[in-house]
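Dock chain B against the given chain D, drawing on the hints supplied.
Same order as they appear, the protein sequences are chains D and B. Numbering of the first sequence is given in this note's numbering, commencing with residue 2 and proceeding in unit increments. Numbering of the second sequence is given in this note's numbering, commencing with residue 54 and proceeding in unit increments.
Rather than coming from a laboratory, the hints here were simulated on the basis of the structure. Since the model is a prediction, treat every value here as computed from it, not as a measurement.
No farther apart than 20 Å at their CA atoms in a straight line, the calculated lysine to any residue pairs in the SDA-like style are these:
#1 D:K301 / B:F136
#2 D:K139 / B:P311
#3 D:K100 / B:K63
#4 D:K110 / D:F121
#5 B:K414 / D:R101
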Amino acid sequence: MIESIDKYEVTKDFKIRLVKSKKFKTDLIGLFLLRPLSDKEASQMALISRLLSRGTMGYPNAKSFNDRLDDLYGAIFISDTVKYGERIAMHCKIQFPNKRLIENKDIYKEAAMFLRNALFDVYHEGDRFNQEFFDQEKNKLIEEINSRVNDKITYAVERCIETMCEDEAFSVYQYGSVDTIQSLTNEEVYAYYCEFLTSSPIEILSIGDIDSDETYELIEKTFDIKNQNEVVDTECKKVIYEKRDAKHITENMNVNQGKLTLGFRTNIRYDDPLYEPAVLFATILGGGGNSTLFRNVREKESLCYYIFSKIEKFKSIMLIAAGIEVENYDKTLDLIIEEIEKLKRGEFNEDDINIAKEVIVSSVRSLVDYPNSFINYYYSRELTGFEYDEKKMIEDIMKVTKEEIIEAGNTLILDTVHFIRGDKQNDN
Amino acid sequence: MIISEIYESKLDEKIYKIAHPSGLDIFVLPKKDYMKKYAYFITKYGALYNEFIDENGENVKLPLGIAHFLEHKIFEDKEKDMFSEFARLGASVNAYTNFASTVYYFSTVNKFNDSLKLLVDFVLTPHITDENVEKEKGIIVQEIKMYDDDPNWRVYFNGLSAMYENHPIKEDIAGTEETVNNSYVDDLMKAYNTFYSPNNMALFIIGDIDFETMKDYVQEIIPKTYLNKKEYGKIVIKDEKEKVNKDSVEMTMNVPTPMFNFFIKGEKAELNGYHFKKSMINRIALDYLFGKSSEFYNTYYEKGLINDSFGHEYSYGLGYSYFNFGGESSDADYMSKKVVETIEKYNKEGIDELSFARIKKKIMGRHISSFNSIQYIANSFINYYIKGVNLLDFLDIVESINVDDINDSLKLDLIGKTTLSKIK
Chain D
2 MIESIDKYEV TKDFKIRLVK SKKFKTDLIG LFLLRPLSDK EASQMALISR LLSRGTMGYP
62 NAKSFNDRLD DLYGAIFISD TVKYGERIAM HCKIQFPNKR LIENKDIYKE AAMFLRNALF
122 DVYHEGDRFN QEFFDQEKNK LIEEINSRVN DKITYAVERC IETMCEDEAF SVYQYGSVDT
182 IQSLTNEEVY AYYCEFLTSS PIEILSIGDI DSDETYELIE KTFDIKNQNE VVDTECKKVI
242 YEKRDAKHIT ENMNVNQGKL TLGFRTNIRY DDPLYEPAVL FATILGGGGN STLFRNVREK
302 ESLCYYIFSK IEKFKSIMLI AAGIEVENYD KTLDLIIEEI EKLKRGEFNE DDINIAKEVI
362 VSSVRSLVDY PNSFINYYYS RELTGFEYDE KKMIEDIMKV TKEEIIEAGN TLILDTVHFI
422 RGDKQNDN
Chain B
54 MIISEIYESK LDEKIYKIAH PSGLDIFVLP KKDYMKKYAY FITKYGALYN EFIDENGENV
114 KLPLGIAHFL EHKIFEDKEK DMFSEFARLG ASVNAYTNFA STVYYFSTVN KFNDSLKLLV
174 DFVLTPHITD ENVEKEKGII VQEIKMYDDD PNWRVYFNGL SAMYENHPIK EDIAGTEETV
234 NNSYVDDLMK AYNTFYSPNN MALFIIGDID FETMKDYVQE IIPKTYLNKK EYGKIVIKDE
294 KEKVNKDSVE MTMNVPTPMF NFFIKGEKAE LNGYHFKKSM INRIALDYLF GKSSEFYNTY
354 YEKGLINDSF GHEYSYGLGY SYFNFGGESS DADYMSKKVV ETIEKYNKEG IDELSFARIK
414 KKIMGRHISS FNSIQYIANS FINYYIKGVN LLDFLDIVES INVDDINDSL KLDLIGKTTL
474 SKIK
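Okay, chain D solo, but in the shape it has when bound (with noise of 0.2 Å):
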């Protein structure tokens, strides 16, 4: 239960919202910062999120650093980016326990100046970092980078959406690009996150059993953002998809198991009074057990053991994806393909709608049961342009129509059908 949720808008680019909520062991503050996604951008920002775990001018270490966490009763600190659409933006975050499960001792204020160190007062040394810490986390990165092929249901999907959107903004990996990350120098870099902390919207939410007066008094003090100077454009624009022919992608990789992602763009922004529909029309054909793909792809041809539908919130895009075998490809992709023109003529009813309602709503309605995901949702429901208000939330996706599950359904375009085979098959 959240008891309630104060705002307050410091600066036209510093708010604060603080959540009140009883029920959780941990109190947690996270801080995040928003830019336009560039490859450049996010390349540099990756790297800083790094960075910051290396230390502070006060603990100047890792080993210093990871020490005074674990004296904060195990505090975590996390720093990291998330792609939002055609925006980024960078996360930092420190949550520990709250005071009435530590003896009363209250922590909140170390823990808050604690992350304002990380974030604002980084360790470096003049106009620059460590140049031993910046080689080293340069390295791990690309590092990083490069083995995001080891997990590959994932890398199937990035995979997908890098082709269909390859000469847009969004195509840019959440980490940006090894041939970048190679390229940035120390002083560049460090010149960089100078001008990150003065030119971005901040904002900092924090939820746990905390009195809003005073955790907005300490808040605002302890982080002293006023120093904000012209503040990077990130208003996202719309764009309009023309119909095109589906362009069809193969990759050999070393795999036992194929990997099928088809592309959609659906044009309904998340501001678009369609959007609920096609949220839910993603979740009537690949949400879960119930989903048509579920059922007719893996449970009546056993042609899969995953197979799934999402919508992109900030991209307007659908995506689907399977692991298959590789010699089922054309009978795995037309019984997709069926599945949709299915829907798309309305072949489903009431049952199929309430029981997609009913997942959308559960989820919508459990958000406050996750203190890290609350937030993260909540920020995330801020850039599209609407408050955060569980009943509208929910009301909108009750009031969705059949008719208009099928209207935001034969929006869809096929843009992009992506298949990872084993290098194994190529012989035949």
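Here is chain B on its own, set in the frame of chain D:
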């Protein structure tokens, strides 16, 4: 029937237990103000238990992966599609199989009671036919292939396979394409009849639930015929030598950075409180030696020989235990040597009081924080339950550990006891 409750003031959490005379354990952990409610139906039957002596004293050997295959087939019903039935109630249902248990569970915001009845009904009324067993084979083979493409999974199981000679932990949980294709209705029903009995099962319920009402309802929905079921199998675990079977194994998967898992074979453990406490002691020692604040981690991180993926664990179960260190590294052989040297050095020097206090504080703080997530509580509770320990005793056990316990740990004879698994 005996009803008991445990309250842990350090967590401000309470759990109720109903010990039914049939042997079935029922647990309820109320979490006020949480929207989602979960129920887990657990059988202490997992991938390790392919071989057993049944109630007639006969030795039974089932195809590998049978516990997992059974997990898939329990979902079959004569008329209804189980996934849709749960979805209709607004619930989402799933299951998993690991070494020592199979667990069926659902989560829901509304209609918890109806969903709970459905869970109990479908687990207790299997509908397994030749036709639906055949149909499932293709799906499970795709599941196996999905894991075969995951190098993190492969490096781990390759290591276990090399380390053990006889213990069934050397086999993949789902078996192989061949054993799946050679599994039949009779095998599945034999496993089901033997191990899905109340004396081998438990029900765990968590969420914003009133115990008094739930207590009566649960007993109402569990069929009497099931409660009278007595079948049980005596698990056979073949004797395993103390040394490893093979000291190294390597596989090529064209990974961008080579991966390794370095195992140390441990004693033959049992599922009781003594071994649990021992595992906690080992965990603290490992955290001190190999955690993010350790000299080891920071030295080799800075040298570029390990990265964020580096991890360590101590794991145990019926008839086995092992330490494992692993991640991505360009020089796995060197890192394995350094692991051994670090343990040997520690055996001479031990841990200092300050570090010990800090790690204890961290483990306790993290444990408290983990009680935010009802899913995490449920999964940990079940893991501990299988090991004969109550999750709410965790903090007391950790508190009872002193610096001498830690200094006495890891006194390992490493000769012939290590296996290095590599993926390149």
